[in-house]
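K.L.:
Chain residues, written in single-letter form:
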Amino acid sequence: MAVTMNEDLRRERASASFNPELLTHILDGSPENTRRRREIENLILNDPDFKHEDLNFLTRSQRYEVAVRKSATLVKKIREFGISDPDEIMWFKKLHMINFVEPVGLNFSMFISTLLNQGTTAQNEKWLLPAQGLQIIGTYAQTELGHGTHLRGLETTATYDPETQEFVLNSPTVTSIKWWPGGLGKTSNHAIVLAQLYTQGKCYGLHAFIVPIREIGTHKPLPGITVGDIGPKFGYDEMDNGYLKMDHYRIPRENMLMKHAQVKPDGTYVKPVSNKLTYGTMVFIRSFLVGEAARSLAKACTIAIRYSAVRHQSEIKPGEPEPQILDFQTQQYKLFPLLATAYAFHFVGAYMKETYHRINEDIGQGDLSELPELHALTAGLKAFTSWTTNAAIEACRMACGGHGYSHCSGLPNIYVTFTPTCTFEGENTVMMLQTARFLMKSYDQVHSGKLVCGMVSYLNDLPSQRIQPQQVAVWPTVVDINSPHSLTEAYRLRAARLVEIAAKNLQTEVSHRKSKEVAWNLTSVDLVRASEAHCHYVTVKLFSEQLLKIQDKPTQAVLRNLCLLYSLYGISQKAGDFLQENILTDSQITQVHQRIKELLTVIRPDAVTLVDAFDFQDVSLGSVLGRYDGNVYENLFEWAKNSPLNKDEVHESFYKHLKPLQSKL
Amino acid sequence: MPALGPRSPGRSRMERHVHRAPSVCLAGPGTITVQELPVKVKAPQGRAAWLAQSPREGSCPGLWHTSRRRGARKKQTCARPSRSGWCVTAAQAAVLPNARPKPRPQKSRRSCREKRQIPARMDSPARVSMGDAWSWQVHPDMESERRQPSFDVERLTNILDGGAENTALRRKVESVIHSDPVFSLKDNYFMSQNERYEAGVKKKFHLHMIAQRLGWSEHSREFRYAFRALTGDLALGLHHIFLKSLQSLGSEEQIAKWAPLCNEFRIIATYAQTELGHGTYLQGLETEATYDADTQEFVMHSPTLTATKWWPGDLGRSATHALVLAQLICSGARQGMHAFIVPIRSLQDHTLLPGVTAGDIGPKMDFEYTDNGFLQLDHVRIPRENMLSRFAQVLPDGTYIKLGTAQSNYLSMVVVRVSLLLDEINPLLEKACIIAIRYSVIRRQSRLRPSDPEAKVLDYQTQQHKLFPQLATAYAFHFMGTSLQEFFEESYSAILDRDFSLLPELHALSSGLKAMVSEFCTQGAELCRRACGGHGYSKLSGLPSLVSRVTASCTYEGENTVLYLQVARFLVKSYLQAQASPGSTSKTSLPQSVAYLTAPDLAKCPARRAADFLHPELYTRAWAHVAVRLIKDSAHHLQTRLQSGADEHEAWNQTTVIHLQAAKAHCYYITVKGFAEALQKLDHEPAIQQALQRLCDLFALHGILSTAGDFLQDGFLSGAQVDMVRSAYLDLLFLIRKDAISLTDAFDFTDQCLNSALGCYDGNVYERLFYWAQKSPTNTQGNPAYQKYLRPLLQSWRSKL
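Keeping their order, the protein sequence lines are chains C and Z. Using the UniProt record's numbering, read the first sequence as starting at 1 and increasing by one per residue. Using the UniProt record's numbering, read the second sequence as starting at 1 and increasing by one per residue.
Bound conformation, chain Z alone:
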């Protein structure tokens, strides 16, 4: 803790927030300098202030424009006593009169006092960002939300981080990242694909220099936090995947040879699996690796157009080496997929090596900073040692030796899937929730009562109904992901020692949760975007980028339908296993996550009142019931088809829709159960426990209402009980409302990291949106279309007006 300096957990949110503000002022290019202020304050006010702009300057209020531009170069800053801050605000108020028509509440005077302490706190990471003068004040509508939190937000943040020391470390890393202009995300929305790529490479490079200086190792928490702070906006992301695969699939000697080269960036590596014609279906990949015993080499070859490797990140422009997944052919026999390290670009001048064709696959919805690429290999020869050989080997004479199960090749995919949940996918939903919920307390629209001022849109039941289930989902996945991570760490070392007993369950769990998390996060983020109305369509809201990024997760690392069906196979197998040996032994032999298949079941839900549905025990059992029923159903459908003489594979295909349904119910059950269990452990934090319990209840009940048919169909729930669920659900929305901002604050994403005009901590939405829009190149660069096309059109009219 001492290393953290000014932060102490006891201080209120508000104070910290205000104190952290100026550090960005200091560091950020948007600094407003003291020298400029008097000039600007004297500037004509009101209408004149607008007219004072020379037309060349464009239409923006030049105060911000000029000061930001100059501020980038000047060192002396506004981090002076708050008077200067007020000056700016006053000048600004003149430019934008009545931005906030309501009288400022008392509280803000206190924060004003606190601002005087600003210079002493410059080393804390910044919460209110961008150095915008208005953000020294929290919007009163936001402030009122935080005035009486029902729990300690900081402590919830600590829980989410896995301990206060992690929170402290994370913020320390964030302060390093955010104080460095190279890492600024500000211009992201205005850059071309080429520029984004170049910035991504530059950032990656810069990050590694810093990491080296500060002694952060590749797998350290610091690195993870840096990645989070940078929203992963870095090139060479696949380098890391390569390393993970190497460590999962490579022999000790291979790891010893290649890992240091990677870590020192002597080589830049990628992982090339997907082909133009094949994705998730690994056996269908066409790239060949044919062993030539004479030279002890593998001949890597793409026999068809569809065998072209397609999509791997970093492949298009950056990588020097690729871990290529290919069909191993030795001594004339096909041995299935194996991984080979293939050099593709010269380490001298980066040109493509002979026999290699590679390039970028063109524009995508997002991931513009990554050069997803294609790769064709024309009889490229690599030494025998370049085949990763932890689980299979080819001896010099071409003898093939298998050292692991068929599933061992999937191991690296499991590794990646697990880490994706908490490091990549769920944070995107968390951010979408923060932005949408914060914006919803600032946006006022229509009146709830004719006599009232316009209401915050978050006070509308329909808005709560859109957003709170997403918030609940983000929390559910956080806790579920954490427990999956723990299970993974338990089983991973065993698997590396070639004990594969836990692999089937690990594979099923990670596949199912990857599919569910990516599906729900994608839908959730898009719902959040649309809940922001028109402004959610602007890239400046940050939401389009979150949506287009998270949606990729539904197909990468295993297409979701395929993954759900893998879970379904595991479920059917487990179910049949439980049926075959109904004794007590089967319970112990069933993997833990499906043990409920043999647990005693209720035929009818015992709930009598809406309040009964607020018991985790009750709704967890309800979910268990539905999941078991659907699994049974899907197994029986399959059996019936088989008994009526259908071919095994045809029977499977003809029952996949119901298998899908069963797998989804199973994943939902697992998540409800995991969330509820995680909350039981929070007894020592009753206030936090209560707030989260409501989210857990909401998550479970929202799921029931969305699939009410499944609960009604066998009479487990009665119509009256579904009504109770609905009424309990609506009551929860109301209860969660007052905690909504605290619950989003607890995720503790900095403004820089959110990079959203709508979602900043201070709530100054409209000012920021207006200001950011003016930085758009469409406003700062000329309008060639006018000169070329509009002018000729308009000319004929000139004389007549």
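Just chain C, with the same shape it has in the complex:
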């Protein structure tokens, strides 16, 4: 069948003011990256071994099975194609797994990386190769039924028995059952278990242990191990998130990961040199999550904007043909700020990855000085971007009206796959408060006369500090709402003020004879607000700085408009802060509202091309509404015919229930 492109989309693409290919290069990092990514994608698309069936019509058990099959093929193919760069493996998986949810994924992302970070050379020799070859399948078991983000509260114990030189792992309570680890329910035969270490009668806190959980050969749980799947979830159908209960289960001493801390055969505990090092992994994962937030939102925007260009509805002027819904101001107002946000988060993600690599080199040379700030910053940014993205994907879905509710749109799937990001790898509120703790520390530092550096250096300029009088001039008197730089300053001011307010409220609570912790709790809503303002500032700053790096003028112009929209939209949403702190005047806020509407009109002709530049293949969007060719309705109808309920013309429940109902009543 000849594929013809929907006429509306053809027109949209023809009217673009810039070349999307150049923007794609910027998003990928370089033209070479784009080329290589597409090469890998084509390998998958052209390979008959990769069947892409529609997961929407499968049961959970079938989806799990498909995911396992794909993982197994993946291992073979990655080897076959000689792909070894982590980024490339990521591209490969993203297209292949679609949801990017795979039961054996934890083996690579957590089991192996923890081994590398915390295992001794001997341990790596023993476990690493088999794990990499998927000869053993490992997972990482940290979260328990009763405890998540608060690590110190975990209850699982590992008690050292010097007589047998074994650790006895035990789950003493219901709440101590390991709960949620991916791949644990059905797939893995080993787990790295985090447990409270007891030796010589003393507790030394959390340590990691390699625990065999299923028998090799039969895959049955080993004696003393209770393991299973935690049941259906909002999404992640393909994943067997599991539970694990251990009943005085013994493992050899060598199974404790001992690169940092050690337990000697006689039970003597040797403590680690520095605990800051574990920050490194967390920073890496969080920077990855920010990138994922950007990608998920970019997918949602692609679907919603393409569909809005294809769908016609209602009338703007009576008698004229129905307009594309993308021509309605309200629809633009729903979608374009989100599109701008997707771009903003992309640049934040790229920055974080870069910073991580840079700092990792420093760490390699023993310089840990930047780690605390980076750790604090990534915590907040992970929370900030995932909260925003969560709401934004849902807004994209709703912008597609009723069809957004159908799985054919692909949007419910993107949403349920993304939303756990708000809780995993650190619950968002807790993350925000971690950032706040760093902000408060920095504030105190400035207060006691020391300057701070990095992203928080604005605290040096707070009027109440005035350590260096000449810096007062830094506070702009007039914000130019058409200048990204000037808007960054406005956000910087807001962050500074909200940090100061939180700090002062905290001091007030402390001075009311309350303990520090109670005072902290009674200020926590303010503290979260301060962290959000800080992260918002960082995002605006990174976006506006990105503009300077772009050579191509049309591309720069279109990104500049998105940057302005992102910044101004944020101001309009938080107008109260900017007014209350006298950063902007009443009439400026009115202008901001007005300017936003102008920008909507300016961006409108480029909207479809801006989502094209994200360069998602149809198969990875998984959406009938977001198809590149825009042939939405025909394919929607075809898709529905595959529904299991349509297998026979008269459903069996007619004979079982409806017919009797009609005759008996």
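A couple of the hints might just be wrong.
As the list claims (entries may be wrong) - Where chain C lies over chain Z, by a calculated footprint (3+ residues, C-beta under 8 Å):
id: 1; stretch: 285-299
id: 2; stretch: 344-357
id: 3; stretch: 390-398
id: 4; stretch: 656-663
id: 5; stretch: 673-681
id: 6; stretch: 783-792
Stated by the list, open to error - Cross-link-like lysine-lysine pairs, in silico, DSS-like; alpha carbons within 25 Å at most:
id: 7; chain 1: C; residue 1: Lys659; chain 2: Z; residue 2: Lys788
id: 8; chain 1: C; residue 1: Lys659; chain 2: Z; residue 2: Lys738
id: 9; chain 1: C; residue 1: Lys514; chain 2: Z; residue 2: Lys738
id: 10; chain 1: C; residue 1: Lys51; chain 2: C; residue 2: Lys647
id: 11; chain 1: C; residue 1: Lys574; chain 2: Z; residue 2: Lys466
id: 12; chain 1: Z; residue 1: Lys244; chain 2: C; residue 2: Lys516
id: 13; chain 1: C; residue 1: Lys597; chain 2: C; residue 2: Lys334
id: 14; chain 1: C; residue 1: Lys259; chain 2: C; residue 2: Lys126
id: 15; chain 1: Z; residue 1: Lys788; chain 2: C; residue 2: Lys220
id: 16; chain 1: Z; residue 1: Lys604; chain 2: C; residue 2: Lys574
id: 17; chain 1: C; residue 1: Lys659; chain 2: C; residue 2: Lys647
Stated by the list, open to error - If we take Cβ atoms under 10 Å as the criterion, some of the chain C residues that face chain Z in the derived model are:
id: 18; residue: Gly153
id: 19; residue: Gln196
id: 20; residue: Gln200
id: 21; residue: Gly201
I should point out that these hints are in silico values taken from the structure, not numbers from a laboratory. Quantities reported herein were computed from a predicted structural model and do not represent experimental measurements. Built from N, CA and C at the ideal position, the CB exists for glycine as well.
Following the hints, position chain Z against chain C.
P.N.:
Just chain Z now, with coordinates in the frame of chain C:
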């Protein structure tokens, strides 16, 4: 009251709760039988108890597993003196040592004593559910929350139900529903779309048999309560919408002909409006009904692919008839949307009739029990009498006669929107609040002070800040919905008599509130879900289903943006009307809900202290001020565009963002005002009034803080006053904290109805989660993926370990 048996309002919550427990034990399949107990008690304890399981049995503590399975068949139950109950608990404690490490407070010994009365109370509806042995005891962390309620929870429940007799009736219906295994919701989370659909049909059928036996009529309160108890998990929901539309749009003869057929389920009907290409915009629908005067028939036809009816519930597999909305064409003229009854499936063998193509539209986020469907009509002929003709008629010769206003077709949508608020949408938020708040007093995490035990997460200010505004919103909507219902009933009979004077206001109110309630409930339910951390992501928490169900309400029955803009049109019109005739007459002629447009306004808020913001009078006026300012603004923007020569429609489109803002502020104002007024009527219940007043204050102030810019922009509030609002708001969180559990208990949803491992009345969250997870088919059925894919992968390694 006598009919209720054991329940008397004077008894404490705790007592009732304990007494109600065993009835489910009796009825539910999860019963633990007495015979089994000695065996189990003798079972090896501790580690051995775990090891005693044969590996085939899987990993679960077999005590529960086995007993539940067998219990389903056995009649003799544990509803014996409490000793057996303790036995089970003891055995369980052995299986799961130290589930609750803290010493049990004194109180629980009392409840233990009370359990001995259990057999006498078996007829009361169950609060603690599922027949799980552990749920005979309330978790101490939950119990402490209920120990000293600041108001009588039962009386608040009565207020919410609209009287104690309603509460009694509701519980009676619930006991009927919950004692019937057909209605069990337990396996919902494990079923496929097909299974859910079949169960939905089965339940619907069963419910009607019961209704017939007990004499519940279709519109009775009993039916409404049954629907609530079943969480609406029934197929053929559109049957009801069809009936409502028939009664709104049909002539008396038509009602007389079709209503009995419907009521007796001789036909199964649905309401087919939305098309593949068109939703809320009615005029855009493409389905045609062309009158053929020769045969006195309408020819129903879908001229394009996009004209395919898409989404109607029950259409995919169940319905025999559809009320089809179509463009009426008679004598060559297009007369707009009208409703036609179209037979689509054979009443004999249920096959599709000639010219009809129909089926299911495939998987959705939720509503799996409903077969949302598609329908294509290929020149299907129906008799002239099948056009609903209360407001318009086609005479045999093809003459078109109009009997109502253009808006009369909207009437059935108004009817549906009003009933949705209280019967469908708001209860979903109420349930989400119950689950999240109950879980938040059981979940302990981190320490507030280094010396203390880990704190309940509800004691964290950030958690309160997430949840209490949602709780306040649920209460606000309850009272607002009730008053809308009253207004609706007042105006509905007038409209049926073709007096349309109140219709514009009714339409605006119902549209605006539908949009606001669905928007806030969706956001609120999702916030509640995320406030439960990881466990909120498990379907067993009940929250994903609530979220994915409530979110549909943002688009069905009118897409929210479109609805808000309809309100905005009404507001602009009212505003211009008030401007045109500024005399005293205009005040009387303005509809009541917008009368405030002409009321005297303050330029600045007079508050001087945080406490001033706790006066409903003050914050209601603040909301009125902002709403009026935004309405004025939006009208002026529109006028300016028009004066600068813009086309009327273009001008409207270019100002819709501000219209939206104005409509939202108006709806918020209406709700704050409605909530505050409803509470004034509770003078005779000072304790309840006080607790609810805090929620009302919180609702109003939370709204101000969320849109502080609107209040600051024209100087109505000063920066200092916004600080006062913030501090008043934070103080309220603290005050509401102690009432939180009572306020959620008052909604009085049974555990069966909540169907949540996190939200049960007794607070035994972790035990239930662990137990429920083991029932998942992923644990009870084999693992084919291992045999097919994992084993080959792992084999090469076997020898080396």
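K.L.:
Is it true that the CA of Lys244 of chain Z sits at most 25 Å from the CA of Lys516 of chain C?
P.N.:
Not OK: Lys244 of chain Z and Lys516 of chain C at ~60 Å, beyond 25 Å, violated.
K.L.:
Apply the coverage criterion to the stretch 390-398 of chain Z and chain C: a residue qualifies when its Cβ sits closer than 8 Å to a Cβ of the chain, and three qualifying residues are needed.
P.N.:
violated (count 0)
K.L.:
For the restraint on Gly153 of chain C, tell me whether the closest CB of chain Z is nearer than 10 Å.
P.N.:
6 Å, holds
K.L.:
Taking the least C-beta to C-beta distance, is Gln196 of chain C closer than 10 Å to chain Z?
P.N.:
14 Å, violated
K.L.:
Between the alpha carbons of Lys574 of chain C and Lys466 of chain Z, is the straight-line distance 25 Å or under?
P.N.:
18 Å, holds
K.L.:
For the stretch 783-792 of chain Z, does the count of residues with a C-beta closer than 8 Å to a C-beta of chain C reach 3?
P.N.:
Check passed, 9 qualifying residues.
K.L.:
Take a quick look at whether Lys259 of chain C and Lys126 of chain C sit within 25 Å of each other, Cα to Cα.
P.N.:
14 Å, holds
K.L.:
Under the criterion of a CB-CB separation shorter than 10 Å, is Gly201 of chain C in contact with chain Z as hinted?
P.N.:
Violated. Min distance 19 Å.
K.L.:
Tell me whether the statement that chain C covers the stretch 285-299 of chain Z is true, taking a Cβ distance below 8 Å and needing three residues at minimum.
P.N.:
Since three or more residues must qualify, the claim that chain C covers the stretch 285-299 of chain Z is violated, with 0 doing so at under 8 Å.
K.L.:
Residue count check for the stretch 344-357 of chain Z against chain C: does it reach three with CB-CB under 8 Å?
P.N.:
Three-residue rule met by the stretch 344-357 of chain Z, so holds; n is 5.
K.L.:
Does the CB of Gln200 of chain C sit less than 10 Å away from some CB of chain Z?
P.N.:
23 Å, violated
K.L.:
Three residues or more, CB to CB closer than 8 Å: is that satisfied between the stretch 656-663 of chain Z and chain C?
P.N.:
The restraint on the stretch 656-663 of chain Z holds, since 4 of its residues have a Cβ under 8 Å from chain C and three suffice.
Violated hints, in rising order: 1, 3, 5, 7, 8, 12, 19, 20 and 21; the structure is consistent with all others.
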